[in-house]
Amino acid sequence: MVRERLKGLFMEAKTLRQIRGAKDLAEEAIDAAALAINEVQRTMTRLPYGLLAGIKPIAVPVRAVEQAHLKITESVYFSIRVGNRLVGNVAGFVLDRLDAHAKGREQ
Amino acid sequence: MAEEKNNSVIRPTWGDTAASFLNGCFGDYLSERENGLAIDMAFYRNNLPLELSTAALSAACPLPTGKLCVLVHGLCCHEGAFDFPGNPARSYGSALQYDLGYTPFSLRYNTGLPIAYNGQRLDTLLEHLLAVYPVPVDDLVLIGHSMGGLVLRAACHYGACREASWVSKVSRVFYLGTPHEGAALERMGHLVTKLLHAVPHPVTALVGDLANQRSQGIKDLRYGTLLEGIDFSTSVPWLASAKHYLIAGTVTDDPEHLASRLFGDGLVQPPQAGEHVALFPGVAHMQLAHDEAVYARIKQWCASA
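Going down the list, the protein sequences come from chains A and B.
Just so we're aligned, residue 1 is where the first sequence starts under the numbering used here, counting upward by one.
Just so we're aligned, residue 1 is where the second sequence starts under the numbering used here, counting upward by one.
Worth flagging that the hints you see were computed from the coordinates, not collected in a lab.
By construction, the Cβ of each residue, glycine as well, lies at the ideal position given by its N, Cα and C atoms.
Any given hint might turn out to be false.
[To be verified] One side only, chain B facing chain A, incomplete, derived with CB under 7 Å: (1) 15; (2) 19; (3) 35; (4) 36; (5) 37; (6) 206.
Full structure from sequences and hints, please.
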């Protein structure tokens, strides 16, 4: 089914190159943004926990909650990056097929 | 003009326009990453790069003349910036071809790369063009819009330094809204980036980092940098063997209006009045690349001895 649909699509090599470039750029931008925002969030999260950890009776549970908080947010950003990479790979695969198809037509 | 209207032209697509815009913003990154969107410098005709060989040029220019004009666009643009609205077949190049017999060549390049680098590449490209051009060239006119003018100056400088043969053919260089002394917008951008980094907060630092991702080509516009490591364009001499013409616009019809004094043509301040300076009140920055009154002045100067 997918193969049949791909056969119906014909694009110039230049257009395909541009689409692949846009895909790569979007993938790299999302990855860099997820990393940077994660770092900012980590820095900002530490501030209130640092203040609360200064209160000795609650310092230990506060640190435990902080670690749990950081692990959860990091896993969210990690999944965004993995999902982004996955979508990028699928898009790359589709573009490879279109490229091969276009080259086949040229020959 | 009627004849120009009949010529069928293939204009750059929206994809090419988007690619040119992205090249202007992040062109150095795209080039470094060998991204498919990165533009390789070439002369374009009908939205295709011209192969620089005598056979290909003979096919592309069936009636080559010994007079050439080269059009160089500005930041985030492509050669379509010179097309007249409503009549894409007409540009300063095609009009000069029709009126004065100049064979036009339009450059497309990655405007995010350093101006010095693009100048060096253009120097090489012009030498190659003249070497394979089907007939001997005796007159070369260069027209640069905005950043394109700085690229032309850099190319002339590098060409003159190594005594390239094409440099002696250059008779006139036209600079349309070229920020020879830097662009206020980029100076403002630089200041904002510095301020964002000065604020001790991770979010402003992140926004500052993001703003700092703009291309080296944009950063070079702060002082009109033409050569690597040298910040002021005034330190680069103008090509002595050619005549240089500065064309500028203003955002209002009255050049003395406060808005025109503050913003010039919207992006670039007009130069001081002089013999080879023309000011077009009410013509904004982008319009300088496709305006009948501007063309009439270019034609007048090209036709003069």
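Okay, the hints, checked on the actual structure:
1. Using the Cβ-Cβ criterion of 7 Å, the hint placing residue 15 (chain B) at the interface with chain A is satisfied: the shortest such distance is roughly 5 Å.
2. For the restraint placing residue 19 (chain B) at the interface with chain A, the shortest Cβ-Cβ distance is roughly 6 Å, inside the 7 Å limit, so the hint holds.
3. Evaluation of the residue 35 (chain B) hint against chain A yields a held restraint, the C-beta minimum of about 4 Å falling below 7 Å.
4. With a least beta-carbon distance of about 3 Å to chain A, the hint placing residue 36 (chain B) at the interface is held under the 7 Å criterion.
5. Interface restraint check: residue 37 (chain B) against chain A, minimum CB-CB distance 3 Å, threshold 7 Å, status holds.
6. With 7 Å as the threshold, the beta carbon of residue 206 (chain B) comes within range of chain A, its nearest partner Cβ sitting at about 5 Å, so the hint holds.
Every hint from the earlier list agrees with this structure, and none is contradicted.
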